[in-house]
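Start from the sequences, fold in the hints, and give me the full structure.
Protein sequences, first through last, are from chains A and B. Everything in the first sequence is counted per the numbering used here, starting at 4 for the first residue and increasing by one. Everything in the second sequence is counted per the numbering used here, starting at 3 for the first residue and increasing by one.
Hints in this document: simulated from the structure, not taken from any laboratory. Just so it is clear, CB atoms sit at the ideal spot from N, CA and C, and this is done for glycine as well. Heads up, some of the hints might be wrong.
[Unchecked claim] Using C-beta positions, here's what the derived DEER-type ranges look like:
| # | chain 1 | residue 1 | chain 2 | residue 2 | range |
| --- | --- | --- | --- | --- | --- |
| 1 | A | Gly115 | B | Leu137 | 40 to 48 Å |
| 2 | B | Gly63 | A | Arg207 | 25 to 33 Å |
| 3 | B | Gln55 | A | Leu84 | 40 to 48 Å |
| 4 | B | Ala123 | A | Leu65 | 45 to 53 Å |
| 5 | A | Glu69 | B | His95 | 47 to 55 Å |
| 6 | A | Gln117 | B | Gly135 | 36 to 44 Å |
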Amino acid sequence: MDSEIRNRPSFANVLVKLQPGEMITAEADAMASMTSGIRLVPRWNGGFLAAILRRLFGGESLFVNEFHADTPAELVLTQALPGDIECMQLSGTSLFLQPGAFLACESGVQLGMQWAGFASLIGGEGLFRLVVSGHGRVWFSAYGGIYVREVTDEYVVDSGHLVGYEPTINIRVGLPGGLFSSFFSGEGLVTRVRGPGRIYLQSRNFSALTAWINSHI
Amino acid sequence: MNVWDLKQDFEAGVFSDRIPDGRCSVTLSCETDGLRAVTESGQQFHLRYEQLQLELGGASGRMLFCRNSDRSLTLFCEDPQFRAALEFHGGLHLSDQLSRLFADRKRTQRRWRAVSIVSLAAFALLLYGGYFGILMLGRAAVNSLPVTVDQQIGDVAYSQMDHGGPEVDDPLILEPCRDIVRHLTPHAGLAGLEFNVAVIDSPDVNAFCLPGGRIVIFTGLLKKARTPEEVAGVLSHEMAHATLRHGLQTAVRSAGVVVAAELLIGDAAGLVALGAELGQQAALTSYSREQETEADVEGVRMLHAAAIDPLSLAEFFEHLRQEGQDVPAAIAWISTHPQHDVRIASIRARVAQLPSQQYRSLSVNWDELKERLQN
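Now the structure itself:
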């Protein structure tokens with residue numbers, strides 16, 4: 004399966020070229036266009052109960068779509084928000100994704116849900132987190148650009164900017180400074196990530212945008 | 003633990019500059035002299051037990067990181083049995099490190115748990131205090147408003163709400179109802195309210211009074227009532243909702259602190275708009291249990307002051323309850339007023355405490371009204 008991420012970083016989309024017998028799983032509503040020979044098979048997003056959990060707590064849709072090719076075919080996948088898309092190769096490894104970040108994966112990748120804890124909820128990152136694991140490529144999307152950071156010690160990320168991280172990363176919610184300076188600076192709660200490991204960040208924060216729009220209505 | 007019970011190989015990972023991406027998954031084995039990690043491509047890494055520096059971390063907080071002294075090689079594993087294997091093979095040096103790490107983790111967990119419980123309790127207290135704060139603020143705000151605001155809200159709500167049937171303009175039906183209201187009006191607890199009566203042709207056994215005093219009676223209720231005093235009982239209860247300004251309190255409660263604060267500084271425009279919105283949902287005539295009890299008490303007082311037997315309210319409840327056993331869904335007035343046994347008992351107890359009085363029959367054209375309703 005060949006793939007290319009195009010129109011980066013603002014309006015990224017993934018062009019996927021499927022060979023006969025190949026399949027890709029994508030988030031519901033991710034398909035922008037495709038050749039007519041592709042068979043679309045919707046299925047529960049990891050089983051009925053897991054799908055409900057993902058919908059309620061993971062910000063993901065109830066269904067995912069499998070795109071099967073019987074002849075050479077092309078498919079374009081995209082996301083709802085303007086922003087970049089990143090591809091990661093899993094080789095028996097895992098990656099945690101924040102709610103709404105998952106876009107697509109190859110057939111060897113499993114989608115799961117893990118308890119993230121109340122600290123994650125307080126930090127605005129949700130009670131559960133998506134975990135993708137196995138062998139194959141996974142595509143995930145962000146609002147704005149995506150940048151990667153290797154964390155060896157501790158690193159501070161503002162709430163709403165974390166897109167994904169490796170399982171070796173420990174996450175805590177905290178204040179960026181003292182109690183008063185944290186709130187009067189407008190930073191509020193932040194996420195403190197501790198390595199070693201790699202984190203993926205988005206350059207824009209959608210919650211901040213909605214708050215800004217609300218303040219101007 | 004016996005050595006034969008110990009797991010020897012674990013799914014794990016490695017961080018090292020010697021591999022292309024700096025990390026990959028490995029199979030980790032606890033050997034006699036140290037840890038051996040083998041990648042899928044066959045590349046091998048080895049860490050001697052005596053040089054191991056351990057750390058706990060990862061997303062779960064249970065991942066064990068094993069590093070060499072210059073931190074150029076890190077092996078990590080989340081398998082719960084990995085600790086036991088390390089303790090067994092690593093000897094006293096690792097056993098001390100592991101005990102310290104897990105004791106620290108337990109302490110941290112306990113601290114987090116305590117912080118979480120205190121935070122949740124503080125949050126619950128804040129919610130509880132906020133709720134009653136809004137109630138008190140809303141009540142104070144409503145009492146500061148002139149009754150013209152009630153009338154504006156009632157008029158807008160009446161013009162926008164679904165009445166459930168056409169208005170009846172037959173004076174033989176309307177006038178007896180207006181006469182009953184005229185008997186009660188002088189004893190209303192809020193000065194300045196003007197009570198207007200509309201009768202709606204609908205089989206629903208229902209009546210309500212909007213903020214400002216607009217009373218709506220359904221023909222279904224008039225058909226069910228056996229005496230004009232029973233109608234007076236129902237209307238006294240509904241009028242009490244208006245005089246106690248329950249509709250406005252409900253609206254303020256729905257809007258929250260901001261509208262209540264606006265009202266206290268004299269801006270009622272937001273409340274009128276909200277009242278119109280609530281009127282479409284009939285929320286202005288849906289009251290809390292506490293408000294229903296208040297309206298019962300005030301209704302009994304009004305009836306007594308107007309020399310109408312207050313027991314007629316309890317008798318109509320009882321009558322409806324008996325009827326309600328046959329067609330409960332059709333009796334709207336019952337369905338919005340729960341716990342009738344308790345209320346009937348409460349009304350009777352209240353009436354028993356009133357000073358004795360000679361009650362009069364209402365002089366309204368009741369027979370003609372009933373006759374017109376039959377046609």
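Now the hints, each set against the structure:
no., hint, verdict
1, Gly115(A) - Leu137(B): 40 to 48 Å, "holds, 45 Å"
2, Gly63(B) - Arg207(A): 25 to 33 Å, "holds, 30 Å"
3, Gln55(B) - Leu84(A): 40 to 48 Å, "holds, 42 Å"
4, Ala123(B) - Leu65(A): 45 to 53 Å, "violated, 35 Å"
5, Glu69(A) - His95(B): 47 to 55 Å, "holds, 52 Å"
6, Gln117(A) - Gly135(B): 36 to 44 Å, "holds, 39 Å"
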